[in-house]
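Protein sequence lines correspond, in order, to chains A and B. So in the working numbering, the last one in the first sequence is 121, and the numbering has no gaps at all. So in the working numbering, the last one in the second sequence is 1217, and the numbering has no gaps at all.
Bear in mind the hints are in silico, worked out from the structure with no lab data behind them. Each residue gets a CB set at the ideal place from its N, CA and C atoms; glycine is no exception.
Restricting the straight-line Cα-Cα distance to at most 27 Å, the calculated cross-link-like pairs of lysine-lysine (DSS-like) are:
(1) B:Lys1171 - B:Lys1204
(2) B:Lys1186 - B:Lys1171
(3) A:Lys70 - A:Lys47
(4) B:Lys1171 - B:Lys1189
(5) B:Lys1199 - A:Lys81
(6) A:Lys29 - B:Lys1094
(7) B:Lys1070 - B:Lys1128
(8) A:Lys121 - A:Lys43
(9) B:Lys1081 - B:Lys1171
(10) B:Lys1087 - A:Lys47
(11) A:Lys53 - B:Lys1087
(12) A:Lys29 - B:Lys1046
(13) A:Lys29 - B:Lys1087
(14) B:Lys1056 - A:Lys29
(15) A:Lys29 - B:Lys1048
Ranges between beta-carbon positions, derived for each pair:
(16) B:Ser1158 - A:Gln23: 38 to 44 Å
(17) B:Pro1203 - A:Ala86: 19 to 25 Å
(18) B:Asn1137 - A:Asp102: 29 to 35 Å
So these bits of chain A aren't anywhere near chain B, every CB distance computed over 12 Å:
(19) Ser21
(20) Ala24
(21) Asn61
(22) Asp67
(23) Glu69
(24) Lys70
(25) Asp74
(26) Ser88
(27) Asp102
(28) Lys114
(29) Leu115
(30) Cys116
(31) Lys117
(32) Thr119
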Amino acid sequence: MSRFVIMITMALGLALSAAGSAQAADDAKQVFDFYCAQCHGEKGDGKGINVTKSFSTDPRNFTVTADMEKRSDDDIRTVIKDGGPAISKSPLMPPWGATLSDAEVDGLLAHIRKLCKCTAK
Amino acid sequence: MKLLAVTVSLGAALLVTMTAPSYAGGGDAIFKKNCASCHYTDGPAKEKTIADQLAKKGPELFYAGSKFQKGWLAAWLQDPKPIRPMKYNSLTEKNAGDHPKSSAGDAAALTDYLMGLTSAKVAAGKIKAKSTPQARNIFAKKMPCSGCHQTESKGDVSGGLSGPSLVGAGKRLNPDWVYAYLTDVKSFKPVRDMPDFSKAMSPKDMEGLAAYIATFE
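Just need the whole structure built from these sequences, with the hints factored in.
Below, the structure written as C-alpha cells:
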C-alpha cells in the first residue's frame, strides 16, 4: 500500500515537473519572439526584420553551433543584460537588463542553447 | 411651489437640449463609437504581460494630449499614413495603411478630445529642439536606436522596421513626452519590445536625445 502511494506520488511529481519545464520553454519562446526576433529572427538565424541594408553588423545567427559553443553561459547572460559592448560586440545589440527579469534571461539562455544544439565548450 | 418645480424641470430640459447636440458631436462620443474598440483612453497603463500587449489592436491613447502635437494629430486623423512600418504587433506583416479615416469635422472634435488626455508624468516646456554632436553620436552609434527606428537624411530613409518610424517625429511628437518616455518608459508602455534604457544612459543623455528627435523632419 505505502509503496503504491509512493509510486503514484513520484509519477505525479514527474508529470508535474515535465509540465513545468514545458511551460518554461513556452514562456522563453514567447519572450524570444517578442524581444529578440526583431533582429535575430524567430528561428534565431539572424534574419529579423530590422536587418535592412543599413544594419551595420549582422545579428548573431544562433543556429551556428561552432560560433555559439565558444560563448560561455555567463557571456550570453551578460550580453543580453548589458548589450553588445559588454562583450566587445556591436552596440546594435541593446542592453535588456532593465527590461527582463533574471528568470527571463535564464529562459532565453536555455532557448538559445536549444537553437544552437550546443553547450559552452 | 408647483411653479418652481415646473420652472426647474423646464430649465433642466432646456439645459439638456442645449448641451446634448454639442455632446453628441463631441470628440468623446465619436471616439466611443469609432475608436474605442482598438484604443483605450483610461490610464494608467493596463498591460502586465506580453500576451496583454499582443492582445491590443492599437496603441494606448490615455496620454495622447502629452504625446502628440495638435496640428499633426488633426491632419493625421483625416489622412492616416503609416507610422509603424510593420502592422501593429507584427514582425512579419507590413503596415497596410488601413487606419480608419475621419472627416475634417470629426477629426477636429477628436483632436480636441484627445489633446485633453494629458499625463502628469510629462513636464511641459522643458525640452527644445536641438541637434548636438553628442546626441547624434548616441542615436546613431553608441546606442541601438537606429537598429529599430527609421530616420531620414537628405531624402534617404534608413533604419530598422520594428519601431515606429521617426521620420517627421519633430512635427508629430511633443519633445517633453519623448523625454518622459525615455526616462520613465514603464509608465507609458510597461510591456514593449523597446528596451528600457534607464540604466544605460543618464537623464542628461536622454534630454539630448529628446531634443535631437525633435529636429527630425
